[in-house]
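Asker: Build the complex from these two chains, which are given one at a time in their own frames, with help from the hints.
Listed below are the residues making up each chain.
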Amino acid sequence: MNNAIARTINLQKTYSPGKHNEVKALKGVSTEFNSGEFIGVIGPSGSGKSTFMHLLGTLDSPTSGDVEIGGKSLTKLSDNERADLRAKELGFIFQGFNLLSTLTAIENVMLAGDYAGLSPKTTCERAESLLKEVGLDERFDHTPAELSGGEQQRVAIARSLMNDGRLILADEPTGELDTKNSETIVQLLKDLVKRKQKTIVMVTHNENLTRFCDRVIKIVDGRLAS
Amino acid sequence: MRIIIRNLFRRKLRTVLTVGGIVIGVFALTVMGAMSEKLSLLVKGGEEYYGTKVIVVDGQSSAFYGGAPMTIDKRPDIEKVKGVTYVTPEVSLMLDEETTMSFGMPAMIVSFDAGANQYESFEINVATGRMLTDEDRGKVLLGSDIADTMKTNVGQMIKLRKQDFEVVGIMEKTLTAPDNSAVVSLYDAQQFVHATLPDAFRENFPAEKIVSDFAVYLDDIEQGEAVAERINAEVEGVKAYGPSFFSDQIGQSLAIFNLIILSGALIALIVGGFSIMNTLTFSVIERTREIGIKKAVGARSGRILREFLLEAAVIGVIGGIVGIGFGALMAWGINESSRESGLLLFQLTPRLLAAVFIFSIVISVLAGFIPARRASKLNPVEALRYE
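Same order as they appear, the protein sequences are chains A and B. Counting from 1, one number per residue, gives the positions in the first sequence under my numbering. Counting from 1, one number per residue, gives the positions in the second sequence under my numbering.
The following block holds chain B by itself, in its conformation from the complex (with noise of 0.2 angstroms):
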């Protein structure tokens, strides 16, 4: 390993440009991979809670979530319908009243149903503090995300949307949506999506009627898309959607987006690896008589071509150490930077950087391979001959 690591800085600046070659592609694979998995992991926890479970808007919102309110009064006819369970009404809303548009998932204020604890399957459990009640007023359960970004504790105050909160408990890390959620009682909940209505809807519309979905659990998980039918058959003026609605449309759009920044990535990973050809090639070139007295000491073709495989994986285990180093301080650094507004754009896992890793050994690899078989079917005596 001493040698092969000599024969690779015999032309330093080479190396360490191809090496820099490998270092930009890993770079970019860590971040756009970090970016990935936090997508990633967002969608599983959707698909997770999702999956279970019918979601009813109203009728005339387009979007699945975080459409325009509706009233509690739909609560009974939907319970009324065949193979429902129970239906949780639930609020939510965006914690920062200046956000408009997010990458990813923004804060949100989330409604808390003691009810339907029994039912949902996507657990979650308390950290520190407790769970919130039903009756819980001005308290609230928050994510481990915006725990952290706010910087508190249990028993701590807080400020959501300009309105006093104790801190009672934090969540376990989920890695998804509620990390970056704040829990508050439906009635807090309510009263917050009331404050937001204009003057002229806030009069005819107690708080008391507001939700923002229900979520309907079921008796047969299996059962979800004819249940969903049977509610926008049978309930007017709302809309039904069943539990593979969310990995049918969130998650192949994210797997399309993930599946395009990751190609920028992939390509540019790529083109480090022809640096790695080029190096190798040129390196062949020059160590021909080198390879030629190998070859007549009793060197076998097969041990010349792992020497110069050996370079190329060196090449991209230094490159991959770098660039996951860099990519990694960087996904960091935008974390950390944005952290105030709750946004997280990146998402480190082992798994990440382990496949960044092998991947990058492997292009390195599978670049050096020709110009090292090249090396390896060298003949010995026109090797030897060679100036």
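Okay, chain A solo, but in the shape it has when bound (with noise of 0.2 angstroms):
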């Protein structure tokens, strides 16, 4: 497919390879990822959703077998290309939306700017846009004590769309929010695709979210289910 963005070919990860307490978290998962598609991934705990995720986000290297994002191999750039990359090419949302607890909402968004590279104006005008966008024009200088969850998960949705990158990984990004805020969110993710022609990656274990999905992967056990 000529519009993958990301794919990953034949994944593994082994924790502690060779020790009594080895643990084979992915045993080999290949797929890919279209420009503007909203992936769900589920799967039971400890399938390796997290772990998938981590090496699709480059925050960790597999045992074998590759990622590709944008064309390029992931098991070929070193650690500050790596770092680049997920400044300029990656957003994150994490379950526990992982602010900066003593910055502002905006200096949590503008964190991102900076380490893209963007000049100070920039990223000053394009956090506002983006706070401003997820329904946050009064909270610029709130703090994340100051916010509610769903509040500091768009924070985080700002902050993942500061670089302007194409691929999202969303890990279970619902986790910690009610129903009614979960909704909300995974359809603000949802435009966010059709708007932007983001791809979003989402972990989650609530089935029910995946409705918003394009499409949906199972990974059971390691693998790729059918």
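Warning: the hint list may mix true and false statements.
Said to hold, decoys possible - Which bits of chain B does chain A cover? Going by a derived footprint, with three or more residues having C-beta under 8 angstroms, they are:
(1) 1-10
(2) 299-311
(3) 380-387
Stated by the list, open to error - 20 angstroms max Cα-Cα, derived EDC-like pairs, lysine to aspartate or glutamate:
(4) B:K377 / A:D84
(5) B:K139 / B:D96
(6) B:K377 / A:D79
(7) B:K44 / B:E120
(8) A:K194 / A:D164
(9) A:K194 / A:E146
(10) A:K196 / A:D214
(11) B:K377 / A:E81
(12) A:K190 / A:E146
(13) B:K377 / A:D60
(14) A:K24 / B:E382
(15) A:K196 / A:E128
(16) A:K88 / A:E107
(17) A:K194 / A:D178
(18) A:K218 / A:E151
Read the hints as simulated data drawn from the structure, not as lab findings. All residues carry an ideal CB built from backbone N, CA and C; glycine is no exception.
Answerer: Structure below.
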């Protein structure tokens, strides 16, 4: 497929290889993600979903196999090149929001622009615009402690869009939200896919939310389930 | 930078205590350094003065200067020695009759010889008033510090060892011994020394014959040691010291002394550095998850390293400024309180303050390096999982 912006090739990850506590988290996952797709990743706990996301997000290295993003093989990239790739091409949304507690909402969003090498002016303008887009016009200067869970996740979504990267990885983005907020957040992600032509890969244990996805892949025991 | 300062003050008490450690070290280094600067300048002045001439003292004297008085009769014999250009008699005594010991250079009364001026390379200029002449009687030319201490100015009368003297001039600051000297004519200086002699001596030892030592100007400075040897060989009852004697003896002793006092202060600052290492190590542990988030968002390891090193540097800057401030205040305070006695122990120089400030930052950054490197090397996945 020419439209694929990311693909995994026989991706395998083994923790503590050769030791008594060896764990084979991924046992050869090959798949690809197309531009403008909203993909749901589901599977039981411990099936390897988070490991898959960490490898796809270049936060960890596979034991074997490869990840390609924009045609670049991750196994050939240095640590700094991976950091640059995350700064410029990828966006992350985590279950626990993972905002920096000492920074305000806008500073959290601007941090991603800073790492992406945007000018301070562009960073500031884009952060303001994104926060407005996710409905936080009045919350620029609030710290995470002053925001609700749903609002914190909106800040994280704005942060993931700051670098205007092509791939957004959302690891259980609704894990700490109630049903109403969960659906609002996922709908927001769905809208972003449409409006901005982003590719979103969302891990969720809530199969009810997969109805928003264009495609769903299931990982069971470290392998893709049909 | 705003964010760095905010990070530092997340744990206010801990940061204040850490900065306090650096402040104590910088304070000690400033105070001790100011003392060392004062002594170094005195030595440098001494090296400049004594480094171009041979000093001749009484043969029975065991001291380089300030030994037993001798007679001026030796002057023609010294003048005859090969390589000698000019011999100037010098008379010096402490200004304060009571002073027996002093840390640093005590205030002195010294004699003047117009004839030596043309040979003297250690330049002394008059800031206000005029230079002394050999014919002046009851007139004094004051060093800048001693003039400050006595709160006097040109044209005013002052007391030197209970005698009235008119201030005819004040010298420019030299940052060394002359600043704390009162220069009088040879005649007046001889009268002062004569008055201190025991009665039995005084009658047989006329004032105009008294000298403390001779300063011998040379045809060729390079031949100073050879001339000193010749004087020792050819003139009886005297002891001559060549140009290198001062720097060899006094200079080296003071260098060791400086090393000892500066080492003490340095250790204090290094201990302060360890407190930074401790604080930043805890900070890295506390902020493990935050480091993971930053790495996930795209921060390079170098960027994380830089952020923590900057925090260490900020501690160094704050500690440096406050420590230098307290140290300078202390040095100034002690100088002011001892100014009456003419004893100025400390010299705060721009180079000292700049060196202490830079050193404070360097120590802080070095201390911060290990925890900062640890932070930068954290695995992002493990860091994100950290609770």
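Asker: So, against the hints stated earlier in the document, which numbers end up violated here?
Answerer: 9, 12, 17, 18
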